[in-house]
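Please take these sequences and the hints and turn them into a complete structure.
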Amino acid sequence: MSAAARVPDEAGTGAPLLSVRDLALHIPVPPHVLRAVDGISFDLRRGETLGLVGESGSGKTLTALMLMRLLEPPLDALPRGQVVLDGIDLMTLDEARMSALRGRTVSMVFQEPMTSLNPIMTVGRQIAEPLVRHLGLSPRQAAARAEAMLRLVHIPDPQRVAGAYPHLLSGGMRQRAMIAIALACRPAVLVADEPTTALDVTVQAQILELLGELQREMGSAILLITHDLAVIAETAHRVAVMYAGRIVEEAPVASLFAAPRHPYTRGLLASIPRIERVPAATLPEIPGMVPGPGDRPAGCAFMARCMRAISGCAAEAPPLAELGPGHRVACWNPADG
Amino acid sequence: MIGFVGWRLLQAVPLLIGVSLIGFGLMHLAPGGPLAVYTLNPTIQVQDIERIKVIFGLDQPIHVQYVKWATGMVSGHWGYTFFGGRPVLEVILERLPATLLLMGSALSVAIILGLSIGVLGAVKRYSVFDVLATTGALFALSFPTFWFGLMAIFVFAIELRWLPSGGMWELGEEGSILSLIRHLVLPTMVLALVITATWSRYSRSAFLEVMQQDFMRTARAKGEPPAARLLRHALPNAAKPLIALLGVELPFLFSGALVTETIFGWPGMGRLFVDALNMKEYPVLMGLMMFTGIFVVVGNLLADIAIAAIDPRVRLR
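Chains as they are written, first to last, in the working numbering: chain A, 1 to 337; chain B, 1 to 317.
It cannot be assumed that every hint is accurate.
[Said to hold, decoys possible] A short, non-exhaustive set of chain B residues, derived as facing chain A with CB atoms under 7 Å: (1) Ala221; (2) Arg229; (3) His233; (4) Pro236.
[Stated by the list, open to error] Distance windows between CB atoms, simulated: (5) B:Leu16 - A:Pro119: 30 to 40 Å; (6) A:Pro119 - B:Pro226: 19 to 29 Å; (7) A:Ala148 - B:Trp7: 34 to 44 Å; (8) A:His154 - B:Leu302: 38 to 48 Å; (9) B:Leu26 - A:Asp76: 56 to 66 Å; (10) A:Asp157 - B:Leu138: 47 to 57 Å.
In case anyone wonders, no lab produced these hints; they're calculated from the structure. Positions of the beta carbon are idealized from the N, C-alpha and C atoms, including for glycine.
Given below as C-alpha cells:
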C-alpha cells in the first residue's frame, strides 16, 4: 500500500482508488443463465463511503465477493470485467498475489459476526495473524498491535479480550473484533457486507459510527453493502442502488434521498416507515417480485413492477445516463428531479 | 479437571461391572468347560476331574464364583491360569508390549495415511483421486480383516517371499530390531487398512464441514495462504470429531488386533484371547475382557480431555 493511501483525503475527491468496470457474474443454471451480477460499474475514491443497496438476491454480496476474489469453485472462474485498484486489475492476479493484497490493501467485514471468527483461536491471535503475515511483525509486536486495535474499536479491557475466545463475546463485540481484524493493516479499501444486519439496533448505530470514525482516521475507502437505506443515509457519501444484478441509480446521498429518479429507488424510499407518518394506514410497497433467473425480460428488469413503464421499456435494458451532477439513472422514463 | 476425571472414572464402574457380568455369564453358558479336555483323556479318572473342580472352585454355584472372582479382581488378584497355574495378570502383561507395538504402529500409519487421504479428498473434492480414495475405502471396509491378512501372506510372504508370514522374530534372532520390523510390516498393513479407510472417510467429511464455515472465508479474506488456512484454521477445528472417533474406535482396534494377531501368529493379547477361548481359560478371558474395558474407558477419557484442550467452548464437568 502506498503511503498516500493512509493519509485521510477529502472524502470522495481525486482519482478513483477502486474502479469497477462491467463486472458480471453469469451462472449457467441449465436451461437458463442466471445473470446474478449483470455488468456493473462504479468508482470508489479515497476516504469515501459508497453504499450499495438492494434487496436480497440483487447481487450485492456476490459483487463484494468478486471484488475480494473470494468466490469458491466452481463460481470462481465465472466473473467477467475489471476491478482496478491503484492501477492493478485484481481480476487478472493469480491467487498468490491476490492473497498478498487481501487483508492488507483490501479487507472485508462479513455479515455474521457469530460465525465469522475462528471459534478455537483467541481474538488477539486472529487480529495478529494478518499483521505477522503482511507487515512482517514479530508475534510479540503483532500481539501488542492487536491489543491497540481492540482499543481502537472501543473494546473495553482490550488485554483481557485479546486473550479471550470468540464465544465469550457478544455479537457487537465480535463485529468490533472483525473490524479490528479487517483494519489491522490499515487497508486502502474496506468492503463491509451487511456489517450491522445481524446486530441489535442500538449496537448497529455504534458499529456504523465506529466505521465512520476509523475511516476518518485511516482514510480507507468503504464499500458498504446493505439492504437498509437508513444505514446508507447515516454513513455513505454516495449510493448505488442495485436491482436484479444491475445498478439502476447512482447518486450522492443527499441528491438520492432528496430527488430519487428511478421508480425502483422511489419505491424503496417510500416503503421506509417514518415516524411522522404514524398512524398512516399501510406502508406503500412495490408490487410484484424480483424476476427469477428464467423470466428475466429482455428489456428493463423492473418493468413488470414499474408504475412508470412505457412502451420502449420492454425492448432494451436502459443504460445508466447522467441526469444531474454525479446522478446517474438507468431508466427510459425517469421521474422528475 | 480433577473432579471431571474422578467423576468419569466413577461412571466407568457400573460399566465395567456390566461388562464383567455379561462376560462371566456368557462364558459359563458356552458348552464344555475348562476340564472338558480331560474327559477324553483315558489316564485321568472321573474322581480326579472332580478333585480339580474343587481345587479351582468350579464346583461352586456361578454367582459364588463371580463374587470370588470380582473381589479378587478389585484387590489386584486376577487369579491363576487353569493350565500352568500362572498369575493371570502376569500372563496378560507379558503379552501387552507386542499388542501395544502392533496397535501403535498400525494406528500411526492409519492416522497419517487416513488423514492425508481425507484432507486431500476434501480439498480436491470429486477429483479422480477423491473418487478412487472413496471407492478404495469402501472396498477396504467391505472385506473382512482375515481375508486381507490371508491375501497379504499369500502375496508378500508366499509368492513374492519379501516378508515373513508370521511371528515376531526369526528363530535365533530374538531381540533383533531389523527382524522385528520385517515381521511387523504385514500385520501392521492389514490392521491399519480398515482404520485408514475409516479415518480417510471421517477426516474427509470433517474437513469438508469445516471448510464451509464462515471463519474459513474470513481466513481467506485476511490473506492467509491455503497451507496456513488448512493447518492453522481447518485442522484444529476438524480434529475434534476425529479425536472423538479415536476414542470410539479403540474397541474395534482391539478386535481387529485379535484377528490380525491370530493370522500372523503375533504373540500379543489378541492371540492370547483366542487361545484362552479355545481352552476355556476363564480367568485369562475375564482378565483380558476387563483389561480391554479399562483400556477403552481410559482411552475415551483421554479423548474427552484432548477435545476440551483444543476447544475452549467444551467444559469438562
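Quick rundown of the hints versus the structure:
1. Nearest Cβ of chain A to the Cβ of B:Ala221: about 4 Å, under the 7 Å cut. The hint holds.
2. A cut of 7 Å between beta carbons decides the hint on B:Arg229: the least distance to chain A is about 10 Å, and the hint is violated.
3. Because the closest C-beta pair between B:His233 and chain A is about 6 Å apart, less than 7 Å, the hint holds.
4. Interface hint at B:Pro236: satisfied, since its Cβ lies 6 Å from the closest Cβ of chain A, which is below the 7 Å cut-off.
5. Range check, B:Leu16 to A:Pro119: Cβ separation about 35 Å, and the 30 to 40 Å hint holds.
6. The supplied range of 19 to 29 Å is met by A:Pro119 and B:Pro226, whose beta-carbon atoms lie about 21 Å from each other.
7. For A:Ala148 and B:Trp7, the hinted distance range of 34 to 44 Å is satisfied, since their beta carbons lie about 43 Å from each other.
8. Between A:His154 and B:Leu302, the C-beta spacing of about 43 Å keeps the proposed range 38 to 48 Å intact.
9. A C-beta distance of roughly 59 Å is found between B:Leu26 and A:Asp76, which places it inside the suggested range of 56 to 66 Å.
10. Range check, A:Asp157 to B:Leu138: about 53 Å between beta-carbon atoms, so the 47 to 57 Å window is met.
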